[in-house]
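Asks: Following the hints, put chain P in place on chain G, whose structure we already have.
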Amino acid sequence: MTDQDVTGLPPLRADLVIEYPFIRTTGPVVGAFLTGLREAVLVGIRRADGTVMVPPVEYDPVTSEPLSEVVEVSSTGTIVSWTWVDPPRPGSPWDTPHGLALVLLDGADTPLLHGVLVDSPDQVATGLRVEAVWKSERVGHITDLVGFAPVARDTLEGS
Amino acid sequence: MREVAVVSSAVYQVEALTFTTDVQLMVPLINEARSAVGLTQADIGFTCSGSSDFLAGQGFSFVQTLDAVGAFPPISESHVEMDGAFALYEAWVKLQVGEVDTALVYSYGKSSPGSRRDVLAVQLDPYTVAPLWPDAHAVAALQARLLLESGAVSAEGLAEIAVRSQHHAVGNPNALRASAGATVAGVLSEPVVADPLRPSDIAAESDGGCVVVLAAGDRARSLCERPAWIRGIDHRIDAHALGVRDLTRAPSAALAAEKAGARDDRLDLAELHGPTTSQEHILTTEMGLGADTVVNPSGGALAADTLMAAGLVRIAEAARRISAGGADRALAHATSGPCLQQNLVCVMEGE
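Just so you know, the sequences run in chain order G and P.
In terms of the working numbering, the first sequence opens at residue 372 and continues consecutively.
In terms of the working numbering, the second sequence opens at residue 29 and continues consecutively.
Think of the hints as simulated: they come from the structure by calculation, not from any bench.
Be careful, since some hints might not be right.
Across the chosen pairs, the derived CB separations fall in these ranges [what the hints assert, rightly or not]:
#1 ASP274/P <-> THR397/G: 24 to 34 Å
#2 GLY245/P <-> PRO392/G: 49 to 59 Å
#3 VAL42/P <-> ASP466/G: 30 to 40 Å
#4 GLY365/P <-> THR422/G: 16 to 26 Å
#5 SER507/G <-> VAL221/P: 27 to 37 Å
#6 PRO201/P <-> LYS506/G: 47 to 57 Å
We treat Cβ as the ideally placed atom computed from N, Cα and C, and that holds for glycine.
Chain G with its partners taken away, still in its complex shape:
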């Protein structure tokens, strides 16, 4: 190959930089959830029938109506389904084997998917009460939530 063609002129050149040169706003619903994470608070959204979806979605999955009533839910909840991830998956926020669960937070009607911070699958079960474990420095990202850990036994007995 040569840079010279029959005209004797060099070919035109343009550098290509692959980039994503714009910012997408997350909007009033997903944005509220992410802002909540930064404050170590979990929020959902209320549907017309009064039920609360966590994480919130912008439109009702059944009626398609736009949703806007953001409501705070508890950081404590119950495991409704789980599996065990070993080895941890590349790119995931966890670097050791961990549980993965659908957690129904108190005050919510739909479960949230996140990690379960225990050492072995023997320590996870459907119905297990768990509470959110937060990073100390949070930026408004789903990984501000480190995962869920079993609620301490004395708290369980007190409930």
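Replies: Then chain P, alone, in the frame of chain G:
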């Protein structure tokens, strides 16, 4: 409604196409399906493909694969970033419009260079789920546990599905997992890999491709001794977010089956695209398939699951059995998205 039929098909699935490009894979398959009914590309009215840029690693990757079709002189062509079964739906619509009488549908997937179970995490919610990189086996396992703990099916029931698939797959040259000696006890003795799922509960990942030729009315009759007439085809979608729907159900599969007329008459066989035994169980239940319907005589997606093609392969397998005279009425199904989110049902009959 215009009569449209599957008149020819070709399938190729292997564990890994290490030294084969998508074009090299598709040239012989497309030639096989076209030449089986004596057609060249000049005879094809519309061409539609299904594939994934994620698997190819570049945008508009399907354009290169058009080299396998022969796109000069210019052809009427389209593409879906979905399983080829959905490309077939588009071709069926095109044939309904009535401007063309024949269509070539193909799809292919080569997922072996990467980790498919991890790549599939990017189809989940980009803010609240995908950054956690839950792999496809784990997400299916969450669904399977809900199903098992609801009492809808037992671990033995799931193992029976795995065993049936392995038995049926013995006669299928495109199956990766086949065993005439598979037993429920053998499957249940496998260690869980995505608790509660065992290896035999999860589809064998394959690379490969599938081609289907469609033709309308008398053109179909002139090309094929016994066309597989598409009597109904429909696709429906459930909510994307995993938490907002009952994962033990697939209402979109039931609705698509109903709209495709699945229950209007008895079904000799059903080819279901269930990437796990638990998902195949959900599909069987949602579509109301009875004991008189043979489920997955090819072994189904459990025996070989080619991303982007497994659904079109189901249509090809069902149509082939009708054309061969082994069945009069068959259902073929394709799924897409996490936990059976999107479902397509195609009901075919012989004449």
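Asks: Taking the hints in turn, state whether each one holds.
Replies: Here's how the hints hold up against the structure:
1. ASP274/P <-> THR397/G: 24 to 34 Å: 27 Å, holds
2. GLY245/P <-> PRO392/G: 49 to 59 Å: Hint holds: Cβ distance 52 Å, inside 49 to 59 Å.
3. VAL42/P <-> ASP466/G: 30 to 40 Å: Once the Cβ atoms are compared, 34 Å apart, the range 30 to 40 Å for ASP466/G and VAL42/P holds.
4. GLY365/P <-> THR422/G: 16 to 26 Å: 23 Å, holds
5. SER507/G <-> VAL221/P: 27 to 37 Å: 35 Å, holds
6. PRO201/P <-> LYS506/G: 47 to 57 Å: 52 Å, holds
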